[in-house]
Each structure stands twice: as structure tokens, then as C-alpha cells.
Amino acid sequence: MKTNEEAKRKYEEMVKNASPNSPILKNCVIAFFSGGLICTFGQFLLNFYQNNQFSAEDAATLTSVTLIFISSVLTALGIYPKLGKHCGAGTIVPITGFSNSVTSPAIEFKKEGMVLGVGAKMFLVAGPVLVYGILASMLVGVFYYFGGR
Amino acid sequence: MEYWNAFWVGGLICVIGQILIDKTKLTSARILVLFVVSGCILGGIGIYEPIKEYAGAGATVPLTGFGYLLSKGVKEEIDAVGALGILTGGLKAAAGGISAAVLFAFFASLLANPKEK
Amino acid sequence: MEQSSKRIGKQTVRFQNPVNILSAASTVGPKEGEGPLKEYFDQVITDILYGQKSWEKAESRFVEENMKLAVKKAGMSMEQVDYILCGDLLNQCAGSTFGIRALNRPFFGLFGACSTMGEAMSLGSMLIDGGFAQNVLLGASSHFCSAEKQFRFPLDMGTQRPQTSTWTVTGDGAVVLGRKKGAVRITEVTTGKIVDLGVTDANNMGAAMAPAAADLMMAHFRDTGRGPKDYDLILTGDLGTVGRELVVELLAKEGYYLDQRYTDCGIEIYDPKTQDTHAGGSGCACSAVTFCGYYYPMLLKGKLRRILFIPTGALMSPTTSQQGESIPSIAHGLVIESPEKEEY
Chain R
0 MKTNEEAKRK
10 YEEMVKNASP
20 NSPILKNCVI
30 AFFSGGLICT
40 FGQFLLNFYQ
50 NNQFSAEDAA
60 TLTSVTLIFI
70 SSVLTALGIY
80 PKLGKHCGAG
90 TIVPITGFSN
100 SVTSPAIEFK
110 KEGMVLGVGA
120 KMFLVAGPVL
130 VYGILASMLV
140 GVFYYFGGR
Chain W
0 MEYWNAFWVG
10 GLICVIGQIL
20 IDKTKLTSAR
30 ILVLFVVSGC
40 ILGGIGIYEP
50 IKEYAGAGAT
60 VPLTGFGYLL
70 SKGVKEEIDA
80 VGALGILTGG
90 LKAAAGGISA
100 AVLFAFFASL
110 LANPKEK
Chain B
0 MEQSSKRIGK
10 QTVRFQNPVN
20 ILSAASTVGP
30 KEGEGPLKEY
40 FDQVITDILY
50 GQKSWEKAES
60 RFVEENMKLA
70 VKKAGMSMEQ
80 VDYILCGDLL
90 NQCAGSTFGI
100 RALNRPFFGL
110 FGACSTMGEA
120 MSLGSMLIDG
130 GFAQNVLLGA
140 SSHFCSAEKQ
150 FRFPLDMGTQ
160 RPQTSTWTVT
170 GDGAVVLGRK
180 KGAVRITEVT
190 TGKIVDLGVT
200 DANNMGAAMA
210 PAAADLMMAH
220 FRDTGRGPKD
230 YDLILTGDLG
240 TVGRELVVEL
250 LAKEGYYLDQ
260 RYTDCGIEIY
270 DPKTQDTHAG
280 GSGCACSAVT
290 FCGYYYPMLL
300 KGKLRRILFI
310 PTGALMSPTT
320 SQQGESIPSI
330 AHGLVIESPE
340 KEEY
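Residue numbers (numbering that gives the first Met the number 0), protein chains in the order written: chain R, 0 to 148; chain W, 0 to 116; chain B, 0 to 343.
Check each hint, because a few of them may be wrong.
Subject to a maximum C-alpha distance of 20 Å in a straight line, what follows is the list of computed SDA-like cross-link-like pairs (lysine to any residue) [claimed, not checked]:
{"id": "1", "chain 1": "B", "residue 1": "Lys37", "chain 2": "B", "residue 2": "Glu78"}
{"id": "2", "chain 1": "R", "residue 1": "Lys15", "chain 2": "B", "residue 2": "Pro327"}
{"id": "3", "chain 1": "R", "residue 1": "Lys7", "chain 2": "B", "residue 2": "Lys37"}
{"id": "4", "chain 1": "B", "residue 1": "Lys67", "chain 2": "B", "residue 2": "Val43"}
{"id": "5", "chain 1": "B", "residue 1": "Lys179", "chain 2": "B", "residue 2": "Glu78"}
{"id": "6", "chain 1": "B", "residue 1": "Lys272", "chain 2": "B", "residue 2": "Pro29"}
{"id": "7", "chain 1": "R", "residue 1": "Lys9", "chain 2": "B", "residue 2": "Lys180"}
{"id": "8", "chain 1": "R", "residue 1": "Lys15", "chain 2": "B", "residue 2": "Glu248"}
{"id": "9", "chain 1": "R", "residue 1": "Lys25", "chain 2": "W", "residue 2": "Leu25"}
{"id": "10", "chain 1": "B", "residue 1": "Lys72", "chain 2": "B", "residue 2": "Gly197"}
{"id": "11", "chain 1": "W", "residue 1": "Lys114", "chain 2": "B", "residue 2": "Pro327"}
{"id": "12", "chain 1": "B", "residue 1": "Lys180", "chain 2": "B", "residue 2": "Met125"}
{"id": "13", "chain 1": "B", "residue 1": "Lys302", "chain 2": "B", "residue 2": "Gly181"}
{"id": "14", "chain 1": "R", "residue 1": "Lys84", "chain 2": "W", "residue 2": "Lys22"}
{"id": "15", "chain 1": "W", "residue 1": "Lys24", "chain 2": "B", "residue 2": "Ser320"}
Since the hints were derived computationally from the structure, they do not count as laboratory data.
Sequences and hints are given; from them, build the entire structure.
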């Protein structure tokens, strides 16, 4: 099987040469500005809520909720995927991307019913985020409880 | 100044994600997981707190901020109730965001149909 | 065991009875209807849902309407069809089975991923040559949205597509084969083997399938003693720009030189500059509608005399990809001729 492995290795090289790369510089610039703008807007919301008698913590939660709401609406209107095509990580990494990844499967799988479609598939993409986020938080908690305090 | 810091730090965190997408072929689902876990660990070891102090929403809006929130929640809950906080703290802190996502996604699925790209 | 005289090599058969293409029909979605081949398709459906409630139902409607159209164009009734052979990309070939459910004809469902049109034409030809059927209706379909839903992410998710990725063609291509005299006939079939050179990137299907196409071409040239120059056109299914380049390179290594007479349906069907399709078109319908809509009429008019048509398919599933498997691929070759003089 040695020749076979050799052929695969050689072909991998050929594929690399033949495949166009993503325009990474352009993508990064767009991701920087779009992601930066979403965060700036988040800062605006944070200030707004804090100036309206909300505690720092509540203002932070309300900021997240507002961004999640806006992203959900833009997803339902089909605008968020269009932004995502250009902005890449700029619209995936902010919390709005999380919201998009919850709303889009809910819409996509509604034809399969409210329970097995919307209900079961809502966290198709975002489920792992919660699973590993929660596990990581418990790991942090264990270290904090036994050592870090 | 506050806005500028939020802008450039938030933008930079997204650029890290973009480089990962373009260079490693990681799908966006994996990127999201990576960012939440990284944020949580960085929060756990106390590195994310100063970034948040400096950048505000620039650090809390990206998903690393969601991870940071989980770690902060766990710590606060442990301080308040002890060991049980390991189990309850993370989700408690993140409950608002998660519940909001479920609610809005549910209504969106009632009102909207999938669209061609 | 004695070799049947119809076999002319390890992978190739030559028909002794005429296998004629009596008609070809193509129905495509809105994006294909804006592409460079828009005026050649029989029907352009501007509603991607085709008046249905889901992507899957829409794909089935593409199948049903186009199958009926192919039979109508052949001047026949559905009752004259002895077999239907068709397939698609959806699980359990749902697009095809629900599409032809109401047609009430004997049916073989096929899965060859995007090579399905080649598989269907190969088997259909054998049914005719073998004397098992007078007329065979065959086709292949795909739908951008149902494929995205099954293989990738929900449509409304904001993801970026890499430069090597291809765009699944929405539509159905169908052909009626028959014993009755016709101007265009299938004369030889070369059946492909599964080839896997270890590509795992599902966003670079052209690269995954190129070795299968190259392997098929070499087997065909070896079996028939012909070379690339014996064809007016060599047409692969959905390799796109990346895959085409690799096929040319792979064949050059073996001493076969492909020139501009070699192209790929995935390259022809979209304009990457204005349609944002990146490396080209893909999906079962890619080769099916491009052949039926654009190249079959050229054969019919005698603008092409002999072509080698090679639909290509990537035979992975989302599950195998998640388990880290590479992408096994296949290609099927058909020699389609439009002879100047009656030979039979």
C-alpha cells in the first residue's frame, strides 16, 4: 500500500496548487470593520441602558438580549445570511452570530414539525457551543473552588 | 474613546476568527465552540477581566465574552453558595442570553420561511 | 468464462443494437435561468419553491414536470415508457421517488451522487440494447436548497463559502432512450470504478472527483484504443475550474493531452464573475441539464459528431465526512454520437 500512500501525498500537493485561496486579507479587513461595528453598537446599547437606571450587570444582559433580538429579526428577513457572506467571522463571532445559528435551523427545519423540527433542530449548530461552554465553566469552577479562591 | 476601544478590540477578535476560517477550514460551528471555551478559560485564569475593563462591549459582545460570562458566573456563585455553584453558576449567568435566543428563534420560525441565498 | 462480444475491454461495452436518444428535456431554477445557458433550457422556473411548501417537494416537482416534458418531447405517452431510471442527492432518493410517484411506471431508483445521469444513461442503454425495453425514461435532479439543508448548514445561516466550493444546480434533466430511429445515439459505455485519493475537504469536491474522471478517461482510451483527439468534445459533469485543471494535469502525466475540446458542465452553467458561484456548478442536475439543454441539441444539429460525456460523483455522506473519511468518487463515461450517415 506504500505506492497508494505516495499517490495520495502527491495528489494532495497537486490539489493545493490548483485550489485558489480565500482572499484572506480582504476577508480580515471586512471582518474587522463589521465585527468592530457590531461591538461599537453593543457599547452604545450598554451605555444607553446604564444611563437609564439599569445596573451594570442588567445593562450587559439587556445589551446581549437586544443584539440577539436584532440578529434574529435580520435572520428571519433573510438579511443576516447576506451580511454573513461578506463579513465572515465579523458576523459569526459576535453574539449576533450565535443568535443567527439558533434562529436559522429553527426556520429551516420548521417543515419537519414543531417538536422534531423546530424544537429538536434549534440547537443543531449552537448546541455544541452550550455543551462545551458549560463544561468549560464547570472546569473553571472546580479549579476556582479548590485552588483559585 | 470608549467606542474606539470597543471597535478595535471587537474587530480584532473577529479577525482572529476570520484567520481561523480561512487557514484551517474550521466550520463556523467549531469556531463558535472554540471562542466560547477560550473565553471561559481566559476568564477563569483572570486574563479576560482586564480586556473587558479596557474594551467594554468590544470584549463582551464577541462569543469569547459569552465564555467569560460563564466563568464569571461560576466564580460568583461559588462565592455565594459554595461547591454547588460549580454546577449552577455558569448557566445562571448566561440564562438571559440563552432564553432570549430560544424565544426569538421560536417566533422567527413561526413567522418566517427559509430563503434561498 | 467466455467474454460477451459486447464487451470491448475491462470497463467498456459497445452496443450492437441502436440506442437512440429520442428526446432530452431540461427544467432549471432561477439562478441557472440567469446563467450563460439560460436560453437553452426548456423551462426556467423563477420560483425556487416551484409553488411547493418545502425544498424537497419542490425538487420532486422539478422531477415530475421535467420527466413528463421529456416524454412529451419524444412524442410519446407515459404508457409507452417501459422503465424509469432516476436518482438524486437526497436521503433515500426522495426527490426522485416522490417525483415519479404519480407516473405509474416500472422504476429503478439510482444513487450515484452527481454521476447519477451517467449511471442512468449507462443502465438505460443496456436495457435497450439487451432487448429488455423499447423505451426508457431516465433523469437526475438536484436542488440547491435541499442539498444545502442536508449536506451543509441551514440556508439562513451566515456562512462564507470558500473559493474551491461549488454551487448545487437546481433542476432536472431527463432523456428518453429508445430503439426507434433517432439522430443521436449512445454507442459505448465505460463504467467507472470508485477512486479515492484521500481528499477530505467537502468544500473542494472538484479536487475529490478529478481522479475518478481521469481514471475513467484512461480506462476508456485503453479499452477503445482512442485518444482525446477522436472526440469533438469531452465533457465532465461537475468538476468546476479546480477539478478541470487537475484532470488535465493528471492526464498529461499519463501522456494524454486535453485541449480546449475538454470542458466541464459545472464551468459552462454559471458565470462565476456575476453569479458568485466560485469554482462552478455541481449536483446531479449540473451534468443532466447542461447535457440535455445545451449539448444534446448540438449533437442533434450535427455541430458535434462524437462526444465523451462523463458525469462525475462524490459518494460521501454527512456522516462519513463527520467520521473523518475521505471522499470516494466515481465517474461514468458515455460515447454519444450523431453520425453523418446511417450506419445501422
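Consistency of the hints with the structure:
1. Using a Cα cut-off of 20 Å, the hinted pair lysine 37 (chain B) and glutamate 78 (chain B) is violated, with the two alpha carbons roughly 31 Å apart.
2. Between lysine 15 (chain R) and proline 327 (chain B) the CA atoms are separated by roughly 18 Å; this keeps the pair inside 20 Å, and the hint holds.
3. Restraint check: the Cα-Cα separation between lysine 7 (chain R) and lysine 37 (chain B) comes to about 39 Å, which exceeds 20 Å; the hinted pair is violated.
4. Only pairs whose Cα atoms come within 20 Å are accepted, and lysine 67 (chain B) paired with valine 43 (chain B) is accepted, the gap being roughly 15 Å.
5. Taking the CA atoms of lysine 179 (chain B) and glutamate 78 (chain B), the gap is near 16 Å; set against the 20 Å cutoff, the hint holds.
6. The suggested pairing of lysine 272 (chain B) with proline 29 (chain B) holds, with an alpha-carbon distance near 17 Å, which does not exceed 20 Å.
7. For the proposed pair lysine 9 (chain R) and lysine 180 (chain B), the alpha carbon gap of about 48 Å is over 20 Å, so the pair is violated.
8. Straight-line distance between C-alpha atoms of lysine 15 (chain R) and glutamate 248 (chain B) comes to about 13 Å, which keeps the hinted pair within the 20 Å bound.
9. Taking the CA atoms of lysine 25 (chain R) and leucine 25 (chain W), the gap is about 19 Å. The hint holds against a cut of 20 Å.
10. Using a Cα cut-off of 20 Å, the hinted pair lysine 72 (chain B) and glycine 197 (chain B) is violated, with the two alpha carbons roughly 43 Å apart.
11. Taken as a hint, the lysine 114 (chain W) and proline 327 (chain B) pair is broken in the structure, with Cα atoms around 31 Å apart against an allowance of 20 Å.
12. Distance restraint check for lysine 180 (chain B) and methionine 125 (chain B): the Cα-Cα separation of roughly 17 Å lies within the 20 Å cut-off, and the hinted pair is therefore satisfied.
13. Restraint check for lysine 302 (chain B) and glycine 181 (chain B): satisfied, since their Cα atoms lie roughly 16 Å apart, inside the 20 Å limit.
14. Under the criterion of a C-alpha separation no larger than 20 Å, the hint pairing lysine 84 (chain R) with lysine 22 (chain W) is consistent with the structure, at around 17 Å.
15. With a C-alpha separation of about 14 Å, the suggested pairing of lysine 24 (chain W) with serine 320 (chain B) holds against the 20 Å cut-off.
This entry does not satisfy hints 1, 3, 7, 10 and 11, going by the numbered hints stated previously.
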